[in-house]
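Novice: Sequence:
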Amino acid sequence: MVIRTRTQRGTLEVVFLTPASKMAFLYGRSVYSLFHGIWMFACFSILTFIFLADVTTVNWGALLPVLILIMISAVIWGALLCAISLFSRDSGLLYYIFQAPMELFGGVRIPPAVFPAWATGLSLLFPLTYSLVLVRGALYDNIGTSWWWALGALIVGSACLVICTRYLLVRAEQHARVKGNWTLF
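Each step along the sequence shown adds one to the number in numbering that gives the first Met the number 0, with nothing skipped, and position 39 is 38.
You may find that some hints are simply not true.
Said to hold, decoys possible - FRET-style restraints, in silico, Cβ to Cβ: (1) Val13 to Gly120: 37 to 47 angstroms; (2) Ala19 to Arg108: 32 to 42 angstroms; (3) Phe86 to Tyr31: 15 to 25 angstroms; (4) Ile37 to Trp59: 29 to 39 angstroms; (5) Leu51 to Thr17: 21 to 31 angstroms; (6) Ile109 to His35: 40 to 50 angstroms; (7) Leu92 to Ala158: 26 to 36 angstroms; (8) Val57 to Pro110: 45 to 55 angstroms.
To be clear, the hints were calculated from the coordinates, so they are not data collected in a lab. For every residue, glycine included, the Cβ atom is placed at its ideal position computed from N, Cα and C.
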């Protein structure tokens with residue numbers, strides 16, 4: 000029990016008291032979480048692609064850079080969630096708050112094209128929507144205007160998320176200085 004409590008208490012302190020860049024620390028945590036969470040799915044996807052895909056329809060020049068961009072975007076999104084979670088030690092609820100709407104409105108299960116106007120607008124808030132448009136366009140060699148708009152939106156959105164992450168990190172540190180306890184500041 001002591002080890003568990005020490006680990007829970009140590010997370011915020013390590014982020015705020017490390018001599019390393021706090022942004023780099025958040026992005027490092029996000030990279031670790033990304034690879035920790037997707038390695039099995041990535042292996043399964045690669046094997047499925049090798050054995051079942053029609054490689055003649057794939058635009059390889061677009062697919063590989065898009066996959067790298069999507070991974071970068073996922074790391075940026077994860078760092079934003081890490082920055083949000085710095086406001087409280089009990090932030091596991093945030094995962095559930097963001098996960099369900101992202102799956103519903105992101106286009107994973109239902110294409111955003113069949114949504115009503117308000118839900119389509121809501122789907123545009125999630126990077127997942129643009130990622131799916133980019134991957135599907137590259138896999139089926141369907142790179143048109145909407146593909147380029149999705150690419151631009153993902154890049155601009157990721158840049159905005161980096162700025163939001165920095166802002167939240169500064170605010171979380173200020174919050175911790177005011178509301179912290181003896182183990183934190």
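Novice: Each hint: holds or not?
Specialist: Here is how each hint holds up against the structure:
no., hint, in the structure
1, Val13 to Gly120: 37 to 47 angstroms, "39 angstroms, holds"
2, Ala19 to Arg108: 32 to 42 angstroms, "39 angstroms, holds"
3, Phe86 to Tyr31: 15 to 25 angstroms, "21 angstroms, holds"
4, Ile37 to Trp59: 29 to 39 angstroms, "21 angstroms, violated"
5, Leu51 to Thr17: 21 to 31 angstroms, "45 angstroms, violated"
6, Ile109 to His35: 40 to 50 angstroms, "28 angstroms, violated"
7, Leu92 to Ala158: 26 to 36 angstroms, "28 angstroms, holds"
8, Val57 to Pro110: 45 to 55 angstroms, "21 angstroms, violated"
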